[in-house]
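Trainee: The chain contents come next:
There are 2 protein chains.
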Amino acid sequence: MTRSMETDLLDPADPDAAPGPHPLTDEEQADLHAWWRAANYLAVGQIYLMDNPLLRRELVPDDVKPRLLGHWGTTPGLTFVHAHLNRVIRQHDLDAILLHGPGHGGPAAVAGSYLDGSYSEIYPHIGLDEDGMRTLFRQFSFPGGIPSHVAPETPGSIHEGGELGYVLSHAYGAAYDNPDLVVTAVVGDGESETGPLAASWHANKLIDPATDGAVLPVLHLNGYKIANPTIPARISREELLDLLHGYGHDVLVVEGSDPQVLHRVMADAMDAAVARIRQIQAAARAEPGRPRELWPMILLVTPKGWTGPKEIDGLQYEGTWRSHQVPLTGTRDNDDHRRMLVEWMRSYRPEELFDEAGRPVPRILAQAPPGFRRIGMNPHANGGLLRTPLKLRDFREFGVPVSVPGAAAHEPTRVLGSYLTDVVTANPANFRIMGPDETESNRLGAVYEVTDKVWHGEIWPVDVNLAPQGRVVELLSEHTLEGLLEGYLLTGRHGLFSCYEAFIHLVDSMFNQHAKWLKVTRGIGWRAPIASLNYLLTSHVWRQDHNGFSHQDPGFIDHVVNKKAEVVRVYLPPDTNTLLSTAQHCLASVDYVNVMVVGKQPCFDWLDPDTAGLHCARGLGIWDWASTEPEDPDVVLACAGDVPTLEMLAAVSILRERLPELKVRFVNVVDLMRLQDATQHPHGLSARDFDGIFTTDKPVIFAYHGYPWLIHRLTYRRTNHANLHVRGYIEEGTTTTPFDMVMLNDMDRYHLVMDVIDRVPSLQGRAALLRQEMVDARARARAWTRDHGDDIPEVRDWVWPDARDEAGTTAGQLSDTSADFSPADAQPQN
Amino acid sequence: MTRSMETDLLDPADPDAAPGPHPLTDEEQADLHAWWRAANYLAVGQIYLMDNPLLRRELVPDDVKPRLLGHWGTTPGLTFVHAHLNRVIRQHDLDAILLHGPGHGGPAAVAGSYLDGSYSEIYPHIGLDEDGMRTLFRQFSFPGGIPSHVAPETPGSIHEGGELGYVLSHAYGAAYDNPDLVVTAVVGDGESETGPLAASWHANKLIDPATDGAVLPVLHLNGYKIANPTIPARISREELLDLLHGYGHDVLVVEGSDPQVLHRVMADAMDAAVARIRQIQAAARAEPGRPRELWPMILLVTPKGWTGPKEIDGLQYEGTWRSHQVPLTGTRDNDDHRRMLVEWMRSYRPEELFDEAGRPVPRILAQAPPGFRRIGMNPHANGGLLRTPLKLRDFREFGVPVSVPGAAAHEPTRVLGSYLTDVVTANPANFRIMGPDETESNRLGAVYEVTDKVWHGEIWPVDVNLAPQGRVVELLSEHTLEGLLEGYLLTGRHGLFSCYEAFIHLVDSMFNQHAKWLKVTRGIGWRAPIASLNYLLTSHVWRQDHNGFSHQDPGFIDHVVNKKAEVVRVYLPPDTNTLLSTAQHCLASVDYVNVMVVGKQPCFDWLDPDTAGLHCARGLGIWDWASTEPEDPDVVLACAGDVPTLEMLAAVSILRERLPELKVRFVNVVDLMRLQDATQHPHGLSARDFDGIFTTDKPVIFAYHGYPWLIHRLTYRRTNHANLHVRGYIEEGTTTTPFDMVMLNDMDRYHLVMDVIDRVPSLQGRAALLRQEMVDARARARAWTRDHGDDIPEVRDWVWPDARDEAGTTAGQLSDTSADFSPADAQPQN
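Here the protein sequences line up with chains A and B, keeping their order. The first sequence runs 1 to 830 under UniProt numbering. The second sequence runs 1 to 830 under UniProt numbering.
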């Protein structure tokens, strides 16, 4: 077995090996080297200079920035890849984008797109001349300027350079359904130590060479992180090559420190890689379903801080961690360092690279691919340009009929599965569903009627719903799936991430970066809107019965709500039709992060499709049929979430029977952001609207899905906040029936009734017996679960009073004792 | 190169190969198999039965639990490993613990510790008889019982079985500084797809065979997850073995489905692995610093749901994903399934395994290792038993002198580094510092005077502070470090995790699981307290100048505060001495998660060591010297965090000069939990104390490090909440000087002065000119940063008025224009 792939591996007789190797001519190599020197010059200039960009006069302290920021160490490797990618794009008319895993190398990406003219086209005030270069340098990591990392401001980027680990998953997401695209993804060797990156190598088993594009990983081994060597640089080369082979790659090694030698090796490797990619794709397209082949990748081994200062103040810099950030410090005041900076920059011979006006000379400009083939201008990296809205049918066509609220029950996600089946069918090449081994468990399995899970590992006869092509992507790595979906959205497509609520915290920090991207792009006119990032969180905290007490944390909502109001939305549909309405709305939206939280177990149908649509459009509202006196209540009973809605309605049913004179207004909240003030969130209710619904002086009992303090946080400025009493999720011990969980959190119907008795002034001293009955009922229910391992019948079989006489209503229709995943669900659908 | 290690690899002539292979005798094998059958019987019983545990009468519906929960699929593999680990423990008097990566396999861990008697010793109501077995079965995943996952309740466990991915990092953490311990870590093949697990394989380069124990990974390839095959099961075996070799392992393959064959293969493999571990350790102990060797590991390939139902209702179960959870569903009501359940359980021949009383027969009991060698009783798995408090010197000895507040400045973390140097020296074998490549960057580098970073990759001459042994653990994987530290703490040791504030969200979900562990253990009497999990979050959000706008999120505090009050503490020391006091307190504490947030850049010294100690003990308090009228104020100015404290003091200095008649009370908060009510958090202030400090009716302006709404959330029940105005961190655009960041968030001194003018009734209509001056000063400061790339001198050089005349106070002492990491810091310390 060949582990280190030879560049002659391509059989020239093979007709599929379309683009053969094109050895560099001396002139091509000289031009390429000139481009690289220019890019490195521009990178150094960005890090250091406020003025005197071409060093045409003596460099004085005021020319140097007072704060030196940015990362030099990775930059020359990134510019090297950029130079060679330019070449193969031109050579093979390749449709290619470049993702920088070592995202700190912002100067490299900016320099590259400046040299190909994209930067000046997008930012006309930064022209291809000395003035433009001055502005380019000055703005870098400067107040009011651009970040030091690759960022939304960077042309050609779909990858934020803050937290590391996501470049491969973003790359594979970008390659999905773009059969001609080659996504070059530079993986830093530091980044390669992170968990998310380590997992994402295996995404090459989830991509289809017949219908998807290709990812060309370049593992850039410059050997060091901030203050340490990297693991892959300090294990034996044999172990490293085995590791990369184990990830499913044939490895092309490009190693050295002499650029002249390395240009030829790298050019050969890039040619070979492109040829191999085309070969694999051609074979797969000719013979669908053939076994997976090893994809090519490049192992690029070059010194850290390559071409930078070799030694400073007696210490080695080039080739060590010391060149990670800014190698020459105090450059403004240290004459010696300033002289070294000039020497360093002059070593690139800028006078050969830029003409009198400061414009790159023609041989450099000629390196840029034409038009939209430029890395800085490829539309895939501004995916909103390519986005077409999803074709969505009206959710009402898929809704469940509701004659009387609560007369029937459905599993909301199962019905959503039917709706998604239509979305998949109508949008066969720009919509994907991501699930960490949970799509079936989350009861969305109807989609397998029309599609499969993409899988390029071996497929055995026993398998179901696995295929080389499929719109569902499953892997037991939330990180990889989140990255794939982000990459897919950022290149102009659409998707849904369904996940157990408790485990979505795995991607808290990835959500952070994506939310930051969305926030920043709102201020960048040239970035077209992209589809929203849609989370469906199910298997939620109130159903520990299905999960043995491991699904404890509803705090993702809190995490999301911390982000800028413009980009986040949180929805808590109380039933099936409201989920459908919410999902359609989210799938049609752009530039948001939408979080939908709903259970997968049977849930009473409260609203018919039309009413559900109206309710969701309002975001919150009074449910007339559940109120006894909606206009002039003694108390407002509010709820958000499916289980809280059930318990609150059960409480109302007790109150209606036992305290018929009590005037109750029932309010349900679907869109959590409606609770905030209009001045704080675009969805927020005005003070007048809020006070109209929640009153200014009546007690409000609020049952909420998540941590109760979030409701207080969202409403603490509201007039009636002092009368608001919230019950929600608080972490307590183990439990295994649904109502036990509710009781454990004191969010049960009995407690809610007690709250009403305690807080409505007119009931003071009048309902002590009922209150005591509630205490007893609760104790009985608790004892029952401990004896029987199931909910007490009066809870299990509870039905909304007005639905009791309806045909079709049977006791215990909410009872769902199946385990988290029923194997029968996974049977073939025909 | 041998990639698949042969069991004859051990040279019998090698004297270091202490425990040679011990081929199983037929009788040993029969005993071992009987134990395995018993464990499997007990596992099935836990999943299904409420009664009739020995099937001594017909199984009726009421014997079966109404809700069938738990994971059968992984269980027989786990019991298989358990059986064989028992054997080698006995054979070699091994000190070994067992970590279950597939933590859903709770029934396996419980069965194992029941059979070795640990369970009954710890839970005397669950005896080794039929009654005990009934209770054991019934309690499993039953209301009021135990979770279905491996959990704190499980004897012998240090590993919660909720979220997957952490078994190897926990294992390596447990092995640290336990030179005789062998930690067997079963990695599920589903779990192996996760990022955290994928990264943690490389922890074998961060462990020292001379002074640490060993980890024996067992990759359990049963081929399936919930609804899919696993990646490692569906790549070529060659790729898989290369991958594992690339991780640094020699692989012993144990594959098959015939238990009789596999017992012998597994026994040989376990013997070989133990021998190889001892060989590596002996060599390293004889010759310190010799090159790293490949550690052994086992690849165990067995059918999913092994020995369970082969087929149910016409579908294959054993050997497929269908046996992942509960293979026979509806067993209570489905006579056919109930009959199959009986057949399945009887296939283990319980009559041979348990005597008349239901007690395991002697040949089974004899499989248990003796006393504390039992997997369920090994004290390392109840680490609190082994914990000795850290030897900590009084922080005052390391404090910086403060004659006048604000007369000098220090980098708080750099001074903490000196304190930690002493902690490392005084506690050479039970304290470690974890840092994701950031210990030096976080300015704790003083510790390298007395220790190094542990590193078993290659070490080159250029390297500094790397050594085979070291108390600092660095890797660019927050997940792995968090897991290592958790494993270290759970086995009775101490540590500190220093991390950039923004990136700590990477471990949100790991923190969740650890906090859950701590919460649950508070109710488990036999679990001894363990050292707290201490986070030092620095490089924080207010210093984007150092991080190019990638360090945006202070929300980890919010995430932490969602957890149960008993287990979480958050500290925001305003200066160097308060950080030292806080750190000493945290390092001495048990059973908490402590979060300390402080910057690493120069910070004025406000409190002398004694005062700092008192202030931290109170948690919050009035700073007399910063107040103009602490007793009877017009306004309370409060702050929490280093930058907010600086800004609030700067605001006070303006107010003192310009509105000398204004009576100001200055309050600083170190311990955030003091803000909560005493009824909500053990650290909370009583209403009387709170009202005494924050008044019941005066305006309170609060400058806070994180998202402002957290302060509201913590105080919304307080009397004076309506008068509370909080300024904190809100996400906005890019910026690169510290004051620019503060201005961007409107938490600057000028805004704080405006707040006072706007909110103090006596100032209404009296200070309009000053207000306008503030607006102008702010605009000037903003323009300055955009022109100069640095803060305006009046800000940069600001000094607390009373310190202006002090010797040693020079303008601009807070100026810190160095990049995030100064390479000079990384020079050898001599």
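FYI, nobody ran anything at the bench for these hints, they're computed from the structure. Be aware that one or more of the hints could be misleading.
To be verified - Cut-off 25 Å, straight-line C-alpha distance, at most; resulting in silico cross-link-like pairs (DMTMM-like, lysine to aspartate or glutamate): (1) A:K663 - A:D624; (2) A:K564 - B:D697; (3) B:K564 - A:E732; (4) B:K564 - A:E239; (5) B:K310 - A:D624; (6) A:K205 - B:E351; (7) B:K205 - B:E293; (8) A:K205 - B:E238; (9) B:K391 - B:E343; (10) B:K205 - A:E238; (11) B:K564 - B:D610; (12) A:K310 - B:E458; (13) B:K205 - A:E239.
As the structure is a prediction and not an experimental result, all values here were calculated from the model.
Trainee: Tell me, which hint numbers fail for this structure?
Mentor: Hints 2, 4, 5, 6, 9, 11 not satisfied by this model.
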